[in-house]
Amino acid sequence: MKISGAEAVIRCLLAEGVDLLYGYPGGAIMPVYDELYKFQDQLHHVLVRHEQGATHAAQGYARATGKVGVAIATSGPGATNLITGIADAQIDSTPMVCITGQVGKHLLGSDAFQETDIIGISTPVTKWNYQVTEASEIPEVIAKAFYIARSGRPGPVLIDITKNAQFDQLDFSYEKCTGIRSYTPVPKLNLEKVAAAAALINSAKKPFIIFGQGIILGQAEEEFKAVVEKSGIPAAWTILGLSAMPTDHPLNVGMLGMHGNYGPNLLTNECDVLIAFGMRFDDRVTGKLSTYAKQAKVIHFEIDPAEIDKNVKTEIAVLGDVKEALTALLPLIDAKSHDLWHNEFKELKKIEYDSVIKEELNPTNNKGISMGETIEMINKHSKGDAIIVSDVGQHQMFACRYAKFNSTKSNITSGGLGTMGFALPAAIGAKMGKPDREVVAIIGDGGFQMNIQELGTIFQTQVPVKIVILNNEFLGMVRQWQELFFDNRYASTKMINPNFVAIAEGYHIKSKKVTQREDLDAAVAEMLASKESYFLEIMVEKENNVFPMIPTGACVSEIRLS
Amino acid sequence: MENRTFTISVYSENNVGLLNRISGIFLKRHINILSLNVSESEIENVSRFIIVVETTEKWVQNIVGQIEKQIEVIKAFYHTDEETIYLENALFKIASSLLFDEKQIQNIIKDSQSTIVTVSRDFFVISKSGRRSEIEELYAKFKPYGIMQFVRSGRISVSKQKMEISTMLETFK
Ligand SMILES: Cc1ncc(C[n+]2csc(CCOP(=O)(O)OP(=O)(O)O)c2C)c(N)n1
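Chain order of the listed sequences is A and B. For what it's worth, UniProt numbering labels the leading residue of the first sequence as 1, then goes sequentially. For what it's worth, UniProt numbering labels the leading residue of the second sequence as 1, then goes sequentially.
Read the hints as simulated data drawn from the structure, not as lab findings. Since the model is a prediction, treat every value here as computed from it, not as a measurement. Treat the hints loosely; a few may be bogus.
Stated by the list, open to error - The calculated DSS-like cross-link candidates involving lysine-lysine, where the alpha carbons are at most 30 Å apart (straight line), are: (1) Lys512(A) <-> Lys358(A); (2) Lys404(A) <-> Lys349(A); (3) Lys162(B) <-> Lys193(A); (4) Lys75(B) <-> Lys144(A); (5) Lys75(B) <-> Lys188(A); (6) Lys358(A) <-> Lys383(A); (7) Lys75(B) <-> Lys323(A); (8) Lys288(A) <-> Lys28(B); (9) Lys383(A) <-> Lys367(A); (10) Lys176(A) <-> Lys75(B); (11) Lys310(A) <-> Lys162(B); (12) Lys310(A) <-> Lys75(B).
To be verified - Restraint ranges, calculated between C-beta atoms of paired labels, are given here: (13) Tyr37(A) <-> Glu57(B): 56 to 66 Å; (14) Asp101(B) <-> Asp111(A): 45 to 55 Å; (15) Lys350(A) <-> Glu164(B): 49 to 59 Å.
Beta carbons: idealized from backbone N, C-alpha and C, even for Gly.
For reference, chain B alone in the conformation it holds in the complex:
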């Protein structure tokens, strides 16, 4: 079986220590987590983990089984890129002088459909949401001018298909 990118989503109780348990499952199998995002979900008091890994389908199935086994995990799913809408967010901090001295910069910002978050005397900050490749492309464009700071978030995603989790949770109430 070939390696592919999978997005694992985990719906769980919001409990201390669960991240440790979940990351341990990847550690045991020597699988590197490419990206990890934890936040509230659409359901009150339920957290959602989004974990991106590159592995085989057999392994991801196995891992999802082990994750679901954890007491506080309500449900875990895995999806391929084709089955999800996903993006990352990036912030670029760039010297303000460039905004005025380098005409090209303004074009880059416009063309990339990124937004200026803030402008101060010394620097300005641009936010860009999109696929990894789009962010990387933007990075490459800014790079020659000098980037003071750069940061990219973990992947967030929603599935194209309906997730039955909310109705499932209703039955517990």
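This is chain A alone, in the form it adopts within the complex:
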């Protein structure tokens, strides 16, 4: 069957099961858009308002569904606008395929109109990229792109397609990619290592589990829970591991890292065996490496060999698929309860509760609304069933610390890159991917204005996302650092904001602003009851800080409660 390269792109996407993609048209990608028009009943294209929004929406879709997110853009500025989202997806291991148009092959390298070396630019932030210059290459390259994006440790792939390749004809046939000789997505599990890990776990007096997004990406939530429950070992999460296990599970002891919980951070330097599942010892989790868990023997379950011993020296590295590894581990571990060890966590939890959490969730001293209590209010009305998409800043840390999750893939946030502007478009993607679930975006007044234009996408598509702006009229997280480490010099962190409600209403989105505590409950209830999208601005205490905190470069045991 002879078809154009552009039509081949669409047929490849359909063959990969794509029914939704995000993008923005332009000269070098117009042949593909023309085909999108013809195929619109099978492949829904969402017109975002900025290409960065397309990548974040594709990420939100991918994180909520576990499927590959797809974004598309024209050459030059369209392509470069994708880069932040691609970098974000790379560091957070999100499967995404981006397709960019490119000038014709005969113009490549001539500084043609809207030509940019997007392969060169995207190389450090993609799992793989490729420039297609002949129509005949399209099926094989797109098949490879999807295979690479979703297999092993997932990541973003970029395919750049020259305009001639979109126009030219090819003999079309499609075969899914099932393997590439130079690429081993999942290392083979070594059962001896699993047995050695089990023996070490069984011998431990104070074992401690830390888990990351690997559990979610490996769809190993059930197997993980079974291992935690049988072993009775306290388990703590990284922010990307959040929601892999229900927040209220009694063995779930809280969050690790810079703004994590007191107990898990402090006791990292107390445990005798530290068992890491699908996490990469990011510096926000470890603090100063030279003092991190030095007393502990470390067992690392990981899919990516390059992560082994990268930051923390392991005693036993179990490479491979985490679901398979957990299944093999379960029968080998002893059933225990570790009561005394759990009591240590409980005591520290009480200290943290009394000095930080109580006041945060129920402010008493005449202060304004706190970020923590708004998150609690959302918990109350969503009952822990919502997908929470948070942006970057203080509100993100409050959301990750206090939001309650009953089910997996419910916490969507920009972890590794910390990209402000992530949440609004990511929430669009999450809601489109999971239309049956409530999706609530929690965003600061700063981050909201980084991709505020996506209100237009919400209005045009009528996607019923709920948007909560926690407005402290500051770039709060930076202000907190200025207060604590730069002698209160608030350099360029005060925000004079526009009338957000008027802006949201300008986009015909139902809106409300809350300034008084007594209105909070009803407003959150109304927002969550709404069948349509809803914009809720909450004026919060201006100079509130997120605690506990491990200052950068400090050791996890130097965690501060105030």
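Add chain B with the ligand to chain A, keeping to what the hints say.
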């Protein structure tokens, strides 16, 4: 950990753009590449990069991990100098008149076991393969007479130990 010289060898698919990806890994970590050579390998359609760096063993391990992670890389190894047979090649261009006027030059060529590649009316070219120190020694000897042009290649090396890469690739077929 102390810095040492390591030879990293990378077996890869012969694809456009891979050099960019690999060099980016060194760039990100601020590690200077001392020498780089890319050529065909003993296996059909498989390229081999030989990269020489001076760094610690921990870093080189890390880097090799990151390199192997690249989709088109089949396998990467690292070796110390003791574990490899390695050499570089150099070309010296020298004025022909010296060959006749300076008796010593002919002795230098003979003693250094270098070969004359070509002789023309104006200049002749000498090729010397060997370790960096041997080439440098030769350079020092020619220098007083005047060298018109000098160029040295990147390091090429083979491991003393057998590399399992060929058998590994067989399993893919
Ligand atoms: C794109 C981008 N630019 C800058 C930063 C640095 N940064 C981190 S948090 C923050 C402040 C965020 O302020 P806001 O969105 O109002 O949220 P708040 O901290 O007040 O909750 C800034 C500027 C970033 N993370 N991302």
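So, going through the hints one by one against the coordinates:
1. Under the criterion of a C-alpha separation no larger than 30 Å, the hint pairing Lys512(A) with Lys358(A) is consistent with the structure, at around 28 Å.
2. Between Lys404(A) and Lys349(A) the CA atoms are separated by roughly 17 Å; this keeps the pair inside 30 Å, and the hint holds.
3. For the hint linking Lys162(B) to Lys193(A), the alpha-carbon distance of about 26 Å falls within 30 Å, and the restraint holds.
4. Distance restraint check for Lys75(B) and Lys144(A): the Cα-Cα separation of roughly 20 Å lies within the 30 Å cut-off, and the hinted pair is therefore satisfied.
5. With a C-alpha separation of about 16 Å, the suggested pairing of Lys75(B) with Lys188(A) holds against the 30 Å cut-off.
6. Taken as a hint, the Lys358(A) and Lys383(A) pair is honoured in the structure, with Cα atoms around 20 Å apart against an allowance of 30 Å.
7. Restraint check for Lys75(B) and Lys323(A): the C-alpha separation of about 26 Å stays at or below 30 Å, so the hint holds.
8. Proposed proximity of Lys288(A) and Lys28(B) is supported: the alpha carbons are some 21 Å apart, at most 30 Å.
9. Pair hint Lys383(A) plus Lys367(A) holds up; C-alpha atoms about 26 Å apart against a cutoff of 30 Å.
10. For the hint pairing Lys176(A) with Lys75(B), the CA-to-CA distance comes to about 25 Å; that is within 30 Å, so the pair holds.
11. At roughly 27 Å between alpha-carbon atoms, Lys310(A) and Lys162(B) fall within 30 Å of each other, so this suggested pair holds.
12. Using a Cα cut-off of 30 Å, the hinted pair Lys310(A) and Lys75(B) holds, with the two alpha carbons roughly 19 Å apart.
13. Evaluation of the 56 to 66 Å hint for Tyr37(A) and Glu57(B) yields a pass: the beta carbon distance comes to about 57 Å.
14. At roughly 53 Å, the beta carbons of Asp101(B) and Asp111(A) sit within the given window of 45 to 55 Å.
15. Checked against the hint of 49 to 59 Å, the pair Lys350(A) and Glu164(B) passes, with Cβ atoms roughly 56 Å apart.
No hint from the list above goes unmet by this structure.
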